[in-house]
Amino acid sequence: MPYILISTQIRMECGPTMVGDGESDATLMEKLEAKLMKQLGNEFQEYITKWSPRKVLNQLEKEGWKVVAMAGIGQTYPFHTDEKKVQTSTLVKVAAGVFVMGSTGLYLAQKSVQWKVRALPHYNESLKIVFEHPKALEAIGAPISVGSVELSDRVHNYVDKTTSRLRIPVTGLVDCGFMDVLAVRENEKEKFETAKVRLYLNDGVFTIFDTGRPLTGLVMAISEWIQALQDVAWPGFLQPHVEVLLLWITWAVDYIDLDYLEYLLWLLLPFFILFIFPIFLVLFIYGCVIFVHIYGHRHQIREAYHTSYWEGARVAIASFWDGVGNVWHGYELRGIENVPDEGPALFIYYHGCLPLDVYYLISKLVIHKNRSLHCVGDKFIFKIPGWRPLCKLFSITSGTVEECTEELKEGNLLCIAPGGVREALFSDPNVYDILWGKRLGFAKVIIGSRTPVIPMFTENCRESFRTPEWGRSFFRWIYEKTKIPLCPIYGGFPVKMVTHLGKPIYFDFDTVTPEEVRKTVKREIRAMIKEHQRLPGSVWQGIAQRWSTPSKKKKTDEPEQAELLQRNGAGATSPTSDTEEIVVLRRDRSGTEDDAELGDTVPNFTFETNLRKNQNLHSYIGDNWLMLFSHPADFTPVCTTELAELVRLAPEFNKRHVEILAISIDSPETHRDWAKDINALVTGCFNEVNNLPFEIIADTDRKICTELGMIDPDEQNSQGICLSARAVMLFGPDRKLKSKILYPATFGRNFVEILRMVDGVQLGTKAPVATPVNWISGDNVIAQPSLSQERVINELCGGDPNKCKVVPLPSGKRYLRVIEGDAYLQN
Numbered sequence: 001m002p003y004i005l006i007s008t009q010i011r012m013e014c015g016p017t018m019v020g021d022g023e024s025d026a027t028l029m030e031k032l033e034a035k036l037m038k039q040l041g042n043e044f045q046e047y048i049t050k051w052s053p054r055k056v057l058n059q060l061e062k063e064g065w066k067v068v069a070m071a072g073i074g075q076t077y078p079f080h081t082d083e084k085k086v087q088t089s090t091l092v093k094v095a096a097g098v099f100v101m102g103s104t105g106l107y108l109a110q111k112s113v114q115w116k117v118r119a120l121p122h123y124n125e126s127l128k129i130v131f132e133h134p135k136a137l138e139a140i141g142a143p144i145s146v147g148s149v150e151l152s153d154r155v156h157n158y159v160d161k162t163t164s165r166l167r168i169p170v171t172g173l174v175d176c177g178f179m180d181v182l183a184v185r186e187n188e189k190e191k192f193e194t195a196k197v198r199l200y201l202n203d204g205v206f207t208i209f210d211t212g213r214p215l216t217g218l219v220m221a222i223s224e225w226i227q228a229l230q231d232v233a234w235p236g237f238l239q240p241h242v243e244v245l246l247l248w249i250t251w252a253v254d255y256i257d258l259d260y261l262e263y264l265l266w267l268l269l270p271f272f273i274l275f276i277f278p279i280f281l282v283l284f285i286y287g288c289v290i291f292v293h294i295y296g297h298r299h300q301i302r303e304a305y306h307t308s309y310w311e312g313a314r315v316a317i318a319s320f321w322d323g324v325g326n327v328w329h330g331y332e333l334r335g336i337e338n339v340p341d342e343g344p345a346l347f348i349y350y351h352g353c354l355p356l357d358v359y360y361l362i363s364k365l366v367i368h369k370n371r372s373l374h375c376v377g378d379k380f381i382f383k384i385p386g387w388r389p390l391c392k393l394f395s396i397t398s399g400t401v402e403e404c405t406e407e408l409k410e411g412n413l414l415c416i417a418p419g420g421v422r423e424a425l426f427s428d429p430n431v432y433d434i435l436w437g438k439r440l441g442f443a444k445v446i447i448g449s450r451t452p453v454i455p456m457f458t459e460n461c462r463e464s465f466r467t468p469e470w471g472r473s474f475f476r477w478i479y480e481k482t483k484i485p486l487c488p489i490y491g492g493f494p495v496k497m498v499t500h501l502g503k504p505i506y507f508d509f510d511t512v513t514p515e516e517v518r519k520t521v522k523r524e525i526r527a528m529i530k531e532h533q534r535l536p537g538s539v540w541q542g543i544a545q546r547w548s549t550p551s552k553k554k555k556t557d558e559p560e561q562a563e564l565l566q567r568n569g570a571g572a573t574s575p576t577s578d579t580e581e582i583v584v585l586r587r588d589r590s591g592t593e594d595d596a597e598l599g600d601t602v603p604n605f606t607f608e609t610n611l612r613k614n615q616n617l618h619s620y621i622g623d624n625w626l627m628l629f630s631h632p633a634d635f636t637p638v639c640t641t642e643l644a645e646l647v648r649l650a651p652e653f654n655k656r657h658v659e660i661l662a663i664s665i666d667s668p669e670t671h672r673d674w675a676k677d678i679n680a681l682v683t684g685c686f687n688e689v690n691n692l693p694f695e696i697i698a699d700t701d702r703k704i705c706t707e708l709g710m711i712d713p714d715e716q717n718s719q720g721i722c723l724s725a726r727a728v729m730l731f732g733p734d735r736k737l738k739s740k741i742l743y744p745a746t747f748g749r750n751f752v753e754i755l756r757m758v759d760g761v762q763l764g765t766k767a768p769v770a771t772p773v774n775w776i777s778g779d780n781v782i783a784q785p786s787l788s789q790e791r792v793i794n795e796l797c798g799g800d801p802n803k804c805k806v807v808p809l810p811s812g813k814r815y816l817r818v819i820e821g822d823a824y825l826q827n
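Residue numbers (the UniProt record's numbering): 1 to 827.
For the record, the hints were derived by calculation from the structure and aren't laboratory data.
Misleading hints may appear alongside valid ones.
Once the Cα atoms are required to be at most 27 Å apart in a straight line, the calculated DSS-like pairs of lysine-lysine come out as [to be verified]: (1) K383 with K483; (2) K116 with K191; (3) K379 with K191.
Here the structure is a predicted model, which means the values were calculated and not measured.
Please build the complete structure, drawing on both the sequences and the hints.
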């Protein structure tokens with residue numbers, strides 16, 4: 001804003017123009033008069049010549065001009081009244097004033113502290129010691145001047161409850177440096193007494209006073225240690241290296257703020273504790289190693305004759321771990337009655353982050369069953385120094401198929417975690433996903449030893465210890481490449497831990513395959529996780545469970561004495577005696593278990609799609625059918641071709657009143673972007689259209705896919721997260737599962753075949769008929785064997801026996817009754 005500055009500094013500013021710089025007052029006034037005459041008129045001549053500056057200001061304000069600011073001794077007059085701006089020079093001077101006042105206050109504060117420092121008894125006593133010490137006077141050179149203590153250096157200048165240290169600058173005619181004064185006292189009420197005075201000069205370090213009193217404190221201890229090392233006469237080849245080392249240590253002590261490090265230590269102490277607990281666990285194990293070592297040597301002579309002493313060591317260690325589990329985790333074991341008192345049994349369990357539950361289980365079996373549980377451990381365990389004797393004592397083996405089979409044939413109890421270290425470190429605590437991959441070794445052991453399987457799961461086994469989410473994919477990449485478990489572990493949380501032992505599972509060992517055994521056992525473990533574990537996992541809820549009332553578990557179905565149902569081809573056979581328990585491989589129909597079975601009711605999920613939010617699955621189905629199909633990921637070649645074909649066939653599904661709903665673990669935004677590629681593949685043009693005739697669920701937390709068993713543990717993304725499988729599920733208007741098909745990730749689905757499946761299933765709900773091989777809508781059908789011939793003719797053939805043809809067979813049984821395709825539609 002244009003303005004005029006009248007100043008005693010002989011300078012006038014008029015807008016952006018600088019005039020009168022260095023000119024006399026008379027010349028300045030002439031230019032001022034000439035400039036203002038154009039703005040204010042001739043009356044300003046009288047104001048400027050006869051009145052004082054203050055009177056000029058007052059008169060200008062009466063004329064309608066407003067004063068904006070005062071600058072120094074001069075004043076500022078605006079040319080325009082429609083703009084308001086404080087002159088910059090005024091703000092600068094105000095800031096300068098504040099700075100001067102602040103600097104003055106800081107100076108006075110420092111002086112006050114300096115006076116207090118100089119009043120300390122060991123300050124004055126140290127000066128007296130220097131002035132009276134001949135060697136010090138000679139090294140520094142009189143006269144000696146003393147500088148001020150650097151207050152910001154809290155490492156070398158501080159006063160504590162019992163110790164104090166001062167670093168006082170000194171300068172003489174010969175040399176300069178500083179004087180390091182160390183003082184101690186018994187308590188805060190007493191005065192400090194000088195304990196040591198040391199001169200640090202350019203020519204060297206000299207100790208001129210030392211009472212020999214012990215000094216406390218980390219910095220003092222390090223300083224004394226450095227001085228002691230400096231006084232040692234090192235060999236010539238070591239002396240340079242020692243000097244460099246001491247130089248680095250001295251630099252660290254001098255320039256690293258130990259107070260700040262102490263503050264950080266207390267701030268981060270809770271996080272350190274979380275990572276220290278796993279170290280304590282290792283220390284406990286090493287404690288057991290030491291105990292075994294001492295125990296073995298103490299009874300070395302008797303051991304040659306009485307091997308039962310090792311049993312004593314085993315019981316003692318088991319008692320220790322049983323106490324740890326009882327105190328820290330409130331550990332319980334349920335289902336111990338399923339463990340045989342003699343004979344073999346194989347425990348298959350879900351591997352927690354650390355196998356504490358296995359340690360506790362071993363202890364319980366040793367104490368209460370007097371049986372030793374042999375374990376299969378990862379090979380890296382045997383490479384840890386000192387652990388091999390403990391592994392031998394508790395029969396831990398690296399576990400080849402032949403070794404495990406032989407262990408069971410000898411009548412021992414054996415436990416195996418098929419997931420191993422991979423499952424322990426990289427399983428998601430939110431869903432407790434099982435990471436067995438394609439491992440079949442344990443299944444071959446089961447078949448080879450013909451041993452029953454006891455499924456095992458421990459509640460909150462992933463809440464006591466955890467692995468951080470950050471860097472999980474990187475650590476897993478390292479593990480897959482090197483088999484070295486480098487993933488950090490934190491925790492030690494006192495959560496409630498309850499181990500559940502399921503009833504023994506028996507197989508038809510002559511016909512069952514390893515793949516069928518794996519699928520059956522895996523499904524049982526999943527069922528136990530679903531029944532006993534709160535999902536998603538929570539450390540706080542696990543701790544609260546220590547004091548909560550245990551919930552009542554749902555009663556399972558009574559074992560059926562008829563022919564046992566087969567699940568996925570894995571036949572369960574009767575036990576060898578009437579006293580042994582059996583497991584019927586069948587689920588209840590509540591629809592809440594993993595891997596939904598035919599007849600299960602689909603849970604009423606709330607979900608978000610590429611088009612809408614907060615949708616309810618049951619409301620979405622309404623009175624229609626629902627085809628829910630999952631795919632591994634968006635922007636993948638097979639899935640893109642599948643959904644493009646589904647867009648073309650959408651009208652056919654609509655004719656059959658079938659709602660289409662896709663699902664994957666990708667986000668809604670990714671679904672919308674991917675829809676453009678799908679439409680482009682269908683239409684052949686790039687029109688950026690992202691609307692599809694069906695919606696795609698964004699199951700980012702994998703809740704729906706996990707509930708319905710649509711997760712493929714063998715297919716994972718770059719972050720190590722299991723992808724959704726290529727599955728198709730057909731639900732009826734009653735919201736029950738009518739059909740389910742699973743495809744491998746590399747094999748594209750045939751939606752024409754799926755349409756044929758829809759026709760056949762819908763037909764089965766209209767009439768008691770079945771469809772033969774290669775049947776398509778309109779072809780002949782087959783009457784169900786449960787219908788009598790009379791019902792077939794009356795209900796399916798309209799009373800015309802000619803429309804029902806019984807196909808003759810060598811057995812003579814009349815079970816293949818073919819009905820004309822349209823006959824049943826006439827009723």
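Just pull the numbers of the violated hints for me, sorted ascending.
Checked against the structure, the only hint that fails is number 3, while the rest are satisfied.
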